[in-house]
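Residue-level listing of the chains:
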Amino acid sequence: MTTNVSPQRLGTLLVALALLLAPLALTGQDYVLRVLTVGATYAIAVYGMNMILGLTGQLSLAHGGFFGIGVYLVGLLTTDYDWAFWPALLVAVVGTTVVGYVAGVVALRTREEYFAIFTMAMGFIIFLVISRWESVTHAHSGVSGVKYPESLGLLDFSDPMLMYYLVLLFLLGAGYVTYAVRRSGVGRTLIAIRTSEDLARSVGVNVGLNKQLAFAASSTFAGLGGGLFAAVQGFVGPSAASVDLTFEMLMFILVGGMGTVMGPVVGTFLVLFLFEFFQDFEAYRFIVVGPIIVALVIFAPRGIVGYLNAFAGHRRSRGPAGGNETGNRSENRVPDTTTEAKETL
Amino acid sequence: MTLLEVRGLGKHFAGLHAVDDVDLDISAGEITAIIGPNGAGKSTLFNLLAGFYRPTSGTVRFKDRDVTGMSPHRTVAHGIARTFQTTNLFEDATVLENVLSGRIVRSHSTVFDAVLRSPRHRREERRNLDRAMDALEFTAIADYRDEIASRVPQEVQKRVSIALALATDPELLLLDEPAAGLTEEETGGFAQLIRSIVASGVTVGLVEHRMSMVMSLADHILVLDHGKEIASGTPETVRTDPQVIEAYLGAGHHEQEGTG
Amino acid sequence: MTLFIQQLFDGLALGGVYCLAAIGLTLVFGVLRIPNLAHGTLYMLGAYVTYFFLVTVGVPYVAAIGLAAVVLAVIGVLLERLVFHPLRNAPHTHHMIAAVGAMFFFQAVAQALWGADFRRMESPISGNVTILGAQVSWQRIVIVVTAVLVLGLLTWFIKRSIHGQTIEAIEQDRTGSSLVGISPSRVSMLTFGLAAALATVAAGLVAPINLLSPTMGDALSLKVFAIIILGGLGSLPGAIVGGFTLALAEVMTSTYVSAAAGEGIAFVVIVIVLAIRPTGLFAKAVQR
Numbered sequence: 001m002t003t004n005v006s007p008q009r010l011g012t013l014l015v016a017l018a019l020l021l022a023p024l025a026l027t028g029q030d031y032v033l034r035v036l037t038v039g040a041t042y043a044i045a046v047y048g049m050n051m052i053l054g055l056t057g058q059l060s061l062a063h064g065g066f067f068g069i070g071v072y073l074v075g076l077l078t079t080d081y082d083w084a085f086w087p088a089l090l091v092a093v094v095g096t097t098v099v100g101y102v103a104g105v106v107a108l109r110t111r112e113e114y115f116a117i118f119t120m121a122m123g124f125i126i127f128l129v130i131s132r133w134e135s136v137t138h139a140h141s142g143v144s145g146v147k148y149p150e151s152l153g154l155l156d157f158s159d160p161m162l163m164y165y166l167v168l169l170f171l172l173g174a175g176y177v178t179y180a181v182r183r184s185g186v187g188r189t190l191i192a193i194r195t196s197e198d199l200a201r202s203v204g205v206n207v208g209l210n211k212q213l214a215f216a217a218s219s220t221f222a223g224l225g226g227g228l229f230a231a232v233q234g235f236v237g238p239s240a241a242s243v244d245l246t247f248e249m250l251m252f253i254l255v256g257g258m259g260t261v262m263g264p265v266v267g268t269f270l271v272l273f274l275f276e277f278f279q280d281f282e283a284y285r286f287i288v289v290g291p292i293i294v295a296l297v298i299f300a301p302r303g304i305v306g307y308l309n310a311f312a313g314h315r316r317s318r319g320p321a322g323g324n325e326t327g328n329r330s331e332n333r334v335p336d337t338t339t340e341a342k343e344t345l
Numbered sequence: 001m002t003l004l005e006v007r008g009l010g011k012h013f014a015g016l017h018a019v020d021d022v023d024l025d026i027s028a029g030e031i032t033a034i035i036g037p038n039g040a041g042k043s044t045l046f047n048l049l050a051g052f053y054r055p056t057s058g059t060v061r062f063k064d065r066d067v068t069g070m071s072p073h074r075t076v077a078h079g080i081a082r083t084f085q086t087t088n089l090f091e092d093a094t095v096l097e098n099v100l101s102g103r104i105v106r107s108h109s110t111v112f113d114a115v116l117r118s119p120r121h122r123r124e125e126r127r128n129l130d131r132a133m134d135a136l137e138f139t140a141i142a143d144y145r146d147e148i149a150s151r152v153p154q155e156v157q158k159r160v161s162i163a164l165a166l167a168t169d170p171e172l173l174l175l176d177e178p179a180a181g182l183t184e185e186e187t188g189g190f191a192q193l194i195r196s197i198v199a200s201g202v203t204v205g206l207v208e209h210r211m212s213m214v215m216s217l218a219d220h221i222l223v224l225d226h227g228k229e230i231a232s233g234t235p236e237t238v239r240t241d242p243q244v245i246e247a248y249l250g251a252g253h254h255e256q257e258g259t260g
Numbered sequence: 001m002t003l004f005i006q007q008l009f010d011g012l013a014l015g016g017v018y019c020l021a022a023i024g025l026t027l028v029f030g031v032l033r034i035p036n037l038a039h040g041t042l043y044m045l046g047a048y049v050t051y052f053f054l055v056t057v058g059v060p061y062v063a064a065i066g067l068a069a070v071v072l073a074v075i076g077v078l079l080e081r082l083v084f085h086p087l088r089n090a091p092h093t094h095h096m097i098a099a100v101g102a103m104f105f106f107q108a109v110a111q112a113l114w115g116a117d118f119r120r121m122e123s124p125i126s127g128n129v130t131i132l133g134a135q136v137s138w139q140r141i142v143i144v145v146t147a148v149l150v151l152g153l154l155t156w157f158i159k160r161s162i163h164g165q166t167i168e169a170i171e172q173d174r175t176g177s178s179l180v181g182i183s184p185s186r187v188s189m190l191t192f193g194l195a196a197a198l199a200t201v202a203a204g205l206v207a208p209i210n211l212l213s214p215t216m217g218d219a220l221s222l223k224v225f226a227i228i229i230l231g232g233l234g235s236l237p238g239a240i241v242g243g244f245t246l247a248l249a250e251v252m253t254s255t256y257v258s259a260a261a262g263e264g265i266a267f268v269v270i271v272i273v274l275a276i277r278p279t280g281l282f283a284k285a286v287q288r
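Protein chains in written order, with the UniProt record's numbering: chain P, 1 to 345; chain A, 1 to 260; chain G, 1 to 288.
Misleading hints may appear alongside valid ones.
Claimed, not checked - Interface residues of chain A toward chain P, partial, derived using beta-carbon atoms under 8 Å:
| id | residue |
| --- | --- |
| 1 | H73 |
| 2 | L100 |
| 3 | R131 |
| 4 | A199 |
What the hints assert, rightly or not - To list a few chain A residues with every Cβ distance to chain P over 12 Å, as calculated:
| id | residue |
| --- | --- |
| 5 | F13 |
| 6 | A14 |
| 7 | A50 |
| 8 | D66 |
| 9 | L89 |
| 10 | E184 |
| 11 | A191 |
| 12 | R195 |
The hints are simulated quantities; they were obtained by calculation from the structure and are not laboratory data.
Computed from a prediction, not measured in an experiment: that's the story for all the values here.
Glycine included, each C-beta is placed from N, C-alpha and C at the ideal position.
Take these sequences, add in the hints, and give me the full structure.
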């Protein structure tokens, strides 16, 4: 329906190109490359949050915990149990999916605020177990010497650049899955649930089952991101499972744009860039970041990508009937959100 | 042929008998109207038929299948669609996207089909789009397809909710006061639309306040008062039923003056 | 037995603190339908501001708590005006995300002003008293007595004063009360101010027993959520019963099971209660 070079495609292409070419521009700057690689593992997990919060509208605060489960499964299996990386990653992904599904069976009995509080408690329990279960997780001493992925043919992942491309590949996969879901009936189902559970039910959506699947899928991404994170870092501690991590991911997705395809990538890299920029301020950065979160939720709840999409979509859909029909309902709504248009990317 | 058969249906909320021992037969290809004063239990009855409430007694059979207490996503799959009294739409989505969400229940492709863009998935997406466009054209709102649902006029919104229900390919469509809040002229358009829905082979159940509309449209009428059936039959029988005149029409006249 | 009596008093003192903190949270939820995730950081700020008045300025202990409560009440009102009021019609996820932003901000501010290290606050109330063979510090007795006094005052305020009655009216019926001319906006501010002040009193009382740190509110936040879920969101008596119950459970678990179990019990309570009753114990079956 649209021409091939819609602004959205152009934007997506630019972001993809920037990510692909970044290592070439950064030869010799291993620290920056490493930050980017770590950022990409977060972004994969943020795609999971996008699935449950952005598309389905359920605020899960256990996400950092699921990420931590992925981190520790790969971390512990490749060190204490001397597994190879790839099977450990597989176990991490499958394991978090199963944990997510089972947790979802109980968690999704609750709704709205209760769901958020419930999942936050779950996140805390995961964190407590990881940070206190000395004999298994080594508690605060953490896990060191996590293995790199084993070479595949000529590809040796101890090279930071190849490791970056490996993570990027998974990141592109996560983005593509989101895109495919977003464009399909599955995405429509999730968005229907986000908008109104009752209406979704009345058009024949099995609300419970779909929330359940979205929750499991979100923890799959968290586990994948976490497993890769462990390998990239080599050393991991309980902070990789903390509730603060959940909050940081929340900020990434909020800045980027909830429910959009490009939001998680854009938000994660942008905020991490700001973090690095303010890194001399350490924890004080939240003096700036905290109010930014609040301001974003109040004034720009759709995030950067959300607004760019609305802008692009607006220009395209000016034409058809009515044009300037300001519905009689607009006065009940916050003025800023009336510009909401379709979120295509 | 009886499409929907209701026997002894009841719903009690904390001591209140919202619907009490109701029998109802909806025949295929007809318009069956349910009328009654405010609080007579009409909407509750719809909610019971569509699976939104679980009945405390009685049975509902649809196409000779027991659908009593079945959850909405299954009743919709079996072919019962409904609209709501207060127009209920996905407000931030476009009109077309709203109607497309009615296709969810008829879609079988999974996440994996979507990710792999399997032929099945593409075929299905195309069919969904076609069916959604059919529904939009049928309800005469195809021109609004790319507008945001909350920003089109109220009459169009009501048509969108009907198109959305039709997109689920129902055999029985339950309309809860489809013309509430519309002008006399717009109401005429809706009566036309309801007739054409029936002509297209979809059976209609209708809850409506406007007596003129009900009397001219309905083949069969069920009159409820305080959750109980007080009369049923053709418009002529109901109109002349002394109990109906006493219990309903008195109050009804009053309301019509009030709501204009 | 002596150990048990000892723990019982510890539990009662902790319970007093939890009640004061939980009541604010439950009032805010009852009136505004907001689960304020930043409540724990208000408590933390309350402790630091009390510390500031007591140690840096040098006013007496009770006055320090009082002044801190006033400062925090103002911060609470500002929080309502600047963060939650603009979001009153937004989806519930937005409130919670904004609360997280406020939480980060307050923590960073506390860290910038007072540093990340633990601080100790000396209480002018020292010494112990022997009750049934157990040594109980006067501070704990002061906590219990103050908690009971404040709770009594609060109950009186809500039942007798016009502002308090307004809070109760809005808790029970938002739309109805705006019809009879009560401004929901004023009540929101009042509730937030009151909640922050109560959290400060709790923090000021407990600070001499525990250490101060910018993250001291994190665990408390979830514990008070556990309490109000246990007692029913929006219910005052529920918060009181829940507060003492959780505190006793926590103290007894730490003593007789393990410290980590004591720390985790609040979260386990949340998970178990919500798993069995998805809308909390004593939830009214009200459709919102």
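Hint check:
Interface hint at H73(A): satisfied, since its Cβ lies 4 Å from the closest Cβ of chain P, which is below the 8 Å cut-off. Taken as an interface hint, L100(A) checks out: its beta carbon lies about 6 Å from the nearest beta carbon of chain P, inside 8 Å. The interface hint given for R131(A) is broken, as the beta carbon of that residue sits about 12 Å from the closest beta carbon of chain P, more than 8 Å. Because the closest C-beta pair between A199(A) and chain P is about 24 Å apart, greater than 8 Å, the hint is violated.
The Cβ of F13(A) sits about 18 Å from the closest Cβ of chain P, beyond the 12 Å cut-off, so the non-interface label holds. The beta carbon of A14(A) sits about 21 Å from the closest Cβ of chain P, which is more than 12 Å, so the claim that it is off the interface holds. For A50(A), the non-interface assignment is contradicted: its Cβ lies about 7 Å from the closest Cβ of chain P, within the 12 Å cut-off. Distance check on D66(A): its Cβ is at least 19 Å (rounded) from any Cβ of chain P, clearing the 12 Å threshold; non-interface status holds.
The beta carbon of L89(A) is not kept farther than 12 Å from every beta carbon of chain P, the shortest such distance being approximately 7 Å. Look at E184(A): its CB is around 19 Å from the nearest CB on chain P, clear of 12 Å, so calling it non-interface holds up. No beta-carbon of chain P is positioned within 12 Å of the beta-carbon of A191(A); the least distance is around 23 Å. Even its closest Cβ contact with chain P, about 24 Å, leaves R195(A) beyond 12 Å, as expected for a residue assigned away from the interface.
Comparing the model with each earlier hint shows violations of hints 3, 4, 7, 9; every other hint is respected.
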